[in-house]
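In the numbering used here, the protein residues as written are 1 to 515.
Keep in mind that the hints were calculated from the coordinates and are not lab data. Every residue, glycine too, gets a C-beta built ideally from N, C-alpha and C. It cannot be assumed that every hint is accurate.
To be verified - Simulated crosslink set (DSS-like; lysine-lysine; CA at most 30 Å straight-line): (1) Lys204 - Lys181; (2) Lys82 - Lys258; (3) Lys213 - Lys181; (4) Lys204 - Lys258.
To be verified - Distance windows between CB atoms, simulated: (5) Val101 - Leu423: 48 to 56 Å; (6) Asn401 - Ser97: 49 to 57 Å; (7) Arg85 - Arg428: 34 to 42 Å; (8) Gly363 - Lys258: 18 to 26 Å; (9) Gly449 - Glu413: 16 to 24 Å; (10) Glu511 - Arg139: 19 to 27 Å; (11) Arg85 - Thr117: 16 to 24 Å.
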Amino acid sequence: MDIADLMDGVEYSSGPSGAGAGAASAGYTATAESSSLSHQVPVAAPAFRKMERCPERYGRKASRNRERCSHLASDYFRENVKRVRQRNQRYTTLDESLTQVPASDPHADRLWVRSGTQEGRYLRFLRTRDGPNNYQTLRIIGRGGYGEVRLVQRQYPPPPPGGQPQIFALKTLLKREMVNKNQLAYVRAERDILAEADSPWLVKLYTTFQDSKLLYLLLEYVPGGDLMGLLIQYEFFTEDVTRFYIAEMVLAIDAVHKLGFIHRDIKPDNVLIDAEGHIKLTDFGLSTGFHTTHDKSYYAHLMAQDQHLLKKRDRDSVNLDTISLTTSNRAQINGWRRSRRALAYSAVGTPDYVAPELLEGRGYSFECDWWSMGAILYECLIGWAPFCSESQMDTYRKVVNWEKYLSFPRDLELSRAAEDLILRLMCRAEDRLGHGGSAEVQSHPFFAGVAFSQLRQYRAPMIPTLKSALDTSYFPDDIDQTQRMVPGAEVGEDMPDLSLPFIGYTFRRYETTWG
1 MDIADLMDGV
11 EYSSGPSGAG
21 AGAASAGYTA
31 TAESSSLSHQ
41 VPVAAPAFRK
51 MERCPERYGR
61 KASRNRERCS
71 HLASDYFREN
81 VKRVRQRNQR
91 YTTLDESLTQ
101 VPASDPHADR
111 LWVRSGTQEG
121 RYLRFLRTRD
131 GPNNYQTLRI
141 IGRGGYGEVR
151 LVQRQYPPPP
161 PGGQPQIFAL
171 KTLLKREMVN
181 KNQLAYVRAE
191 RDILAEADSP
201 WLVKLYTTFQ
211 DSKLLYLLLE
221 YVPGGDLMGL
231 LIQYEFFTED
241 VTRFYIAEMV
251 LAIDAVHKLG
261 FIHRDIKPDN
271 VLIDAEGHIK
281 LTDFGLSTGF
291 HTTHDKSYYA
301 HLMAQDQHLL
311 KKRDRDSVNL
321 DTISLTTSNR
331 AQINGWRRSR
341 RALAYSAVGT
351 PDYVAPELLE
361 GRGYSFECDW
371 WSMGAILYEC
381 LIGWAPFCSE
391 SQMDTYRKVV
401 NWEKYLSFPR
411 DLELSRAAED
421 LILRLMCRAE
431 DRLGHGGSAE
441 VQSHPFFAGV
451 AFSQLRQYRA
461 PMIPTLKSAL
471 DTSYFPDDID
481 QTQRMVPGAE
491 VGEDMPDLSL
501 PFIGYTFRRY
511 ETTWG
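Please work from the sequences and hints to get the whole structure.
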């Protein structure tokens, strides 16, 4: 929908016309007459007259679209100002990088030409309309409570002759479910952090688009599965292997925090393994950046006229089989892991790695992510999560009363550094390691000898064996391949009421310039 379509019935106040208006025009040349007028007291322009709320006069459509018009205009100008600033920053960065290069060097000219070409391609890309029909679904690789993730191949525009097809992970979310389950703040926060992120430790977002029913996030495909899959396969890790993954996790969490966000859902399922065996953090659906649009109350006010859409979130319960927590019962522990993975795919979620201050509804900050990392560290070394229980409610109870239930099995020996790191991560928020930043965590004795700045150059302990770029062997093979997410109509003039909270959701990354 264009802004002009929403302005039907809106009155504007006109400025002064005639000679006075002409004086403000570009190319105006002062004359003797205008010079004498300049000494006179200027006449104040009439105050802007706000549109009256009068449905009988302006029509129901204008009244209904007033809020949409305001948000569309605000988003349009905000995004354009942001793009101009980013373009100026790219220009400044390139200019500074060439300060030591002689002006006569042809390499400098080529860089400027390449930069201008890229800027032009990006501007054209911004004017294109993307949609699900541009992608061919190859396989469904994930399914959750509100959507699914598909491995897709871009088919339009086609690759150049001799070029390889582009492979992505396309995450699809149901708009209606986002509204009904009161998830609007979360889905916006996920989009915002992925749009801001440009880190090798975080999964990359290329573009987002939407139709009348669905939201789409086109993401980097990370083919090596996730950390939970490795734990199911190997049951537990040695301290050296654990040190590698936890060290990379420190940098991934730090990358999120530097953007001003808290992940709030750090767990093995959300730690992906790339083709080289290194990790990438994903699934920012519970993240928050403390922005206005990341607050549920903002959307409650925005959709006040549609309170029937904002239902309470479902509180389904899933009971797991009883588990005897001994190192001799590894098969049963893996059964718990598979059950917990199924729970993670549901709309309920799992509290095994959640910090107690989040469950108790108390104030929280960046420290809650370090608690979650401590719980993963515990599971990697011992073989099960520190508070895994036969039911979800028991897990909640144990996490909240962590001082009573956090313990180490007597038949396993951990190094003093490993045990100390766990205890310093899984403690009160004000005493937690990482309270003063990630440097506190990196300096712990458990990471002695780790060169954090060179982790990407290290050879990973487990590198996925991939047959092709389309290999999905590291993802669960029991996912129903029935495509339930049917695309809706394009978002046009007859937008449904639930479209309002998704204004400004569309994003195009600068490096993504097909079309």
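Tested hints:
| no. | hint | result |
| --- | --- | --- |
| 1 | Lys204 - Lys181 | holds, 26 Å |
| 2 | Lys82 - Lys258 | holds, 19 Å |
| 3 | Lys213 - Lys181 | holds, 15 Å |
| 4 | Lys204 - Lys258 | holds, 16 Å |
| 5 | Val101 - Leu423: 48 to 56 Å | holds, 53 Å |
| 6 | Asn401 - Ser97: 49 to 57 Å | holds, 55 Å |
| 7 | Arg85 - Arg428: 34 to 42 Å | holds, 41 Å |
| 8 | Gly363 - Lys258: 18 to 26 Å | holds, 21 Å |
| 9 | Gly449 - Glu413: 16 to 24 Å | holds, 21 Å |
| 10 | Glu511 - Arg139: 19 to 27 Å | holds, 26 Å |
| 11 | Arg85 - Thr117: 16 to 24 Å | holds, 21 Å |
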